[in-house]
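A.B. asks: Residues per chain, in single letters:
Protein chains: 2
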Amino acid sequence: MAVTIDPARVEAHLMALAQFGADGGTGVRRAVYTPEWVAAQAQVAAWYAAAGLAVRRDSVGNLWGRLDGTDGGGDVIASGSHIDTQLPGGRYDGALGVIAGLLAIQSLREQYGRPKRTLEAVSLCEEESSRFPAANFWGSRAINGMVAPDEPETMRDFDGGTMAAAMRAVGLDPTRVPDAGRTDIETFLELHIEQGPLLELAGLDVGIVNAITSLRHFVVKIAGRSDHAGAVPMDLRRDPMAGAAEIISGVIANALAMGRPAVTTVGRIEVLPNYPSIVPESVAITVDARHPDPDAERELLARHEALFRAVAARRTLDISWHTTADHAPAVCDPGLVRLLEASAAARGIPTMTMHSGAGHDSQNMATRSKVAMIFVQSKDGRSHTPAEFTSIAHATEGITVLAEALHRLAY
Amino acid sequence: MAVTIDPARVEAHLMALAQFGADGGTGVRRAVYTPEWVAAQAQVAAWYAAAGLAVRRDSVGNLWGRLDGTDGGGDVIASGSHIDTQLPGGRYDGALGVIAGLLAIQSLREQYGRPKRTLEAVSLCEEESSRFPAANFWGSRAINGMVAPDEPETMRDFDGGTMAAAMRAVGLDPTRVPDAGRTDIETFLELHIEQGPLLELAGLDVGIVNAITSLRHFVVKIAGRSDHAGAVPMDLRRDPMAGAAEIISGVIANALAMGRPAVTTVGRIEVLPNYPSIVPESVAITVDARHPDPDAERELLARHEALFRAVAARRTLDISWHTTADHAPAVCDPGLVRLLEASAAARGIPTMTMHSGAGHDSQNMATRSKVAMIFVQSKDGRSHTPAEFTSIAHATEGITVLAEALHRLAY
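Protein chains in written order, with my numbering: chain A, 1 to 411; chain B, 1 to 411.
Rather than coming from a laboratory, the hints here were simulated on the basis of the structure.
The structure displayed is predicted, hence computed values, not measured ones.
Mixed in with the good hints there might be a few duds.
Copies of the same chain are indistinguishable here, so a pair counts whether it falls within one copy or spans any two.
[To be verified] No farther apart than 20 Å at their CA atoms in a straight line, the calculated lysine to aspartate or glutamate pairs in the EDC-like style are these:
| hint | residue 1 | residue 2 |
| --- | --- | --- |
| 1 | Lys-221 | Glu-270 |
| 2 | Lys-221 | Glu-305 |
| 3 | Lys-221 | Glu-341 |
| 4 | Lys-379 | Glu-281 |
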């Protein structure tokens with residue numbers, strides 16, 4: 001008999017976890033190292049223990065639940081996601097993957113007993129950068145030795161407090177971050193909500209992820225000359241707003257012209273001085289550009305940078321840009337992708353194989369482990385909002401695929 | 001012998017007035033009804049008295065210096081400008097016109113004695129809306145009966161305090177605003193810095209203003225759908241930033257296509273939520289559109305509004321806009337314009353006749369009085385900044401034209 005996942009249990013765990021940091025209605029505010037985060041990790045620890053897993057908190061607050069295999073080998077198959085949220089986020093982003101790892105391993109143990117190979121569920125401490133803007137997947141970076149020694153003391157939250165102080169406040173020693181590093185995780189599988197509309201548009205509940213997009217963030221500053229909005233003729237202006245508008249239209253057109261899956265977003269603008277009757281002196285915009293294929297990413301970025309130069313030169317504006325984030329694409333392990341596809345097919349769950357346009361902890365796990373991901377449908381493609389929603393039926397199907405794959409790997 | 005203006009006196013007065021609210025270097029911060037404003041008006045009152053003028057403070061704090069004419073008639077010829085500044089502004093915007101009215105009348109009295117017709121110098125309390133965003137030329141509106149009864153109690157400054165409270169704090173009774181109204185000012189002449197580059201580009205020190213531009217402020221709100229910057233393909237987005245960029249480029253192109261003196265400025269943007277990795281849910285922009293000709297203004301606004309509709313419809317965005325300021329063009333009195341031209345010519349000062357692209361107290365004075373304005377060259381067209389600069393030589397030429405014209409009118 002194939003492993004079964006109880007939808008009632010999925011729902012009960014999701015709703016229980018959503019109470020930690022509940023923000024009215026369906027919203028959740030649960031930033032790393034806050035009291036609500038501590039309470040949520042304590043709840044997950046209690047669940048791990050009740051499921052028969054050995055509980056361990058590592059030096060950055062990632063929570064692990066371990067089910068030792070009979071083969072005595074050192075390599076581990078792990079599954080989980082992050083426990084923190086946007087401010088506010090919803091009930092599913094991250095949380096569903098934490099619960100998936102727990103319930104998949106718990107169900108396997110209940111239905112099949114002890115595995116041959118060691119399984120671990122994990123609740124990663126931080127992914128969203130919603131408290132520390134530079135945290136940047138803190139939990140999975142620590143596991144993979146990607147945290148620089150000075151980060152705990154130099155990284156600051158939106159209120160100016162250091163990461164080190166926030167860690168100490170919850171009983172963690174910031175000098176011991178390297179102790180969270182692991183080299184024994186052979187395989188990492190992460191279930192996550194899609195955060196986009198493609199599964200829903202395809203009429204599918206579950207997707208298999210074969211690559212995680214690149215991500216490049218530019219901050220582009222365009223400077224001209226501030227002028228009185230009435231007293232300076234149009235033809236004599238060096239208006240950075242005119243240049244910024246042309247660049248915004250241009251980068252969006254570049255991504256559209258390249259076609260799916262190229263994307264580019266201008267989400268943030270800062271205008272100085274930002275008064276209705278003053279031609280601005282400068283306009284700063286963010287440009288977020290992504291593509292899962294490295295060559296196509298280079299082409300997209302080259303088009304964008306050529307546009308920055310051309311618009312500034314033609315309009316005699318000053319322009320400068322710097323990179324604030326730069327993640328290479330992460331390719332999922334082809335064998336794991338095929339395993340997930342086969343596991344879904346065996347359970348009669350139709351899927352499509354797709355890339356992830358969002359970043360995930362799995363991209364950091366990929367530096368030392370084989371990774372792949374399972375997506376479940378997001379209603380209307382929404383995420384990072386209290387309005388995000390994934391049905392219990394879809395979530396249960398995704399966890400079933402995960403459990404089936406773990407069974408094939410570990411038993 | 002023609003009336004003479006002493007440049008040393010112009011410079012001494014300008015530098016003395018700039019000390020009230022001095023903000024480092026050449027900056028001045030002098031908002032209405034602040035201690036530095038009280039001190040500045042007290043200084044002007046002392047100068048009026050020393051010049052032999054009868055000093056009166058009206059019910060909103062406009063300061064008047066009167067030199068009664070021998071003909072005993074009731075109609076007055078007045079000249080002045082505003083004493084308040086941007087935060088920070090410079091030493092010239094407003095202040096130079098206050099000093100011009102004082103020194104022109106003082107010099108005429110010293111050199112010609114008492115006039116036939118009554119002359120008044122005025123230091124208007126407020127023009128810049130730099131403390132109360134809705135004050136909107138408070139001083140000249142009060143003189144012309146344009147202040148609504150509820151304004152003192154409902155209008156708030158950037159810190160939330162009411163206009164009424166600010167008035168009481170400097171000994172003014174907000175219930176007595178209507179007492180500032182005057183119907184006996186037959187002629188109002190205002191000297192002001194140009195705030196644009198046209199005189200400098202033409203190699204002229206002084207300009208004569210024959211019209212003050214219209215001004216329309218729209219706030220345009222463009223709403224779409226907020227999406228994850230990575231997970232939603234470009235072709236499925238309803239991105240309000242893309243629509244805003246197209247509208248910004250379009251309104252600027254409309255004004256350029258119509259040619260001088262049409263102008264349009266987008267100076268302010270508010271993006272929600274303004275995060276780099278989120279397609280915005282809405283973008284609000286201000287559109288400042290001006291033209292001194294009423295028919296051309298209507299045409300410019302019609303093109304802008306047609307653009308708003310077309311972009312929103314094509315991109316299936318929601319769009320709405322409302323008007324936050326709407327000033328009709330003010331035409332200067334043709335006879336006064338000719339008088340100023342002739343006065344300049346008689347003194348060997350070359351001028352050009354031009355419109356004002358900025359709003360001025362004169363546009364409110366025009367509702368009850370004949371008005372005209374004298375512009376003096378602004379270095380690099382700068383204003384509303386500590387960097388604004390007008391040479392003492394150019395200022396003295398402008399005041400000479402003003403004094404010559406007042407002599408022709410009053411003696």
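A.B. asks: Each hint needs a verdict: does it hold in this structure or not?
C.D. replies: Do the hints match the structure? See the list:
no., hint, result
1, Lys-221 - Glu-270, "both (9 Å within a copy, 17 Å between copies)"
2, Lys-221 - Glu-305, "within (13 Å within a copy, 29 Å between copies)"
3, Lys-221 - Glu-341, "neither (45 Å within a copy, 45 Å between copies)"
4, Lys-379 - Glu-281, "between (42 Å within a copy, 17 Å between copies)"
The structure does not agree with numbered hint 3 stated previously, though it agrees with all others.
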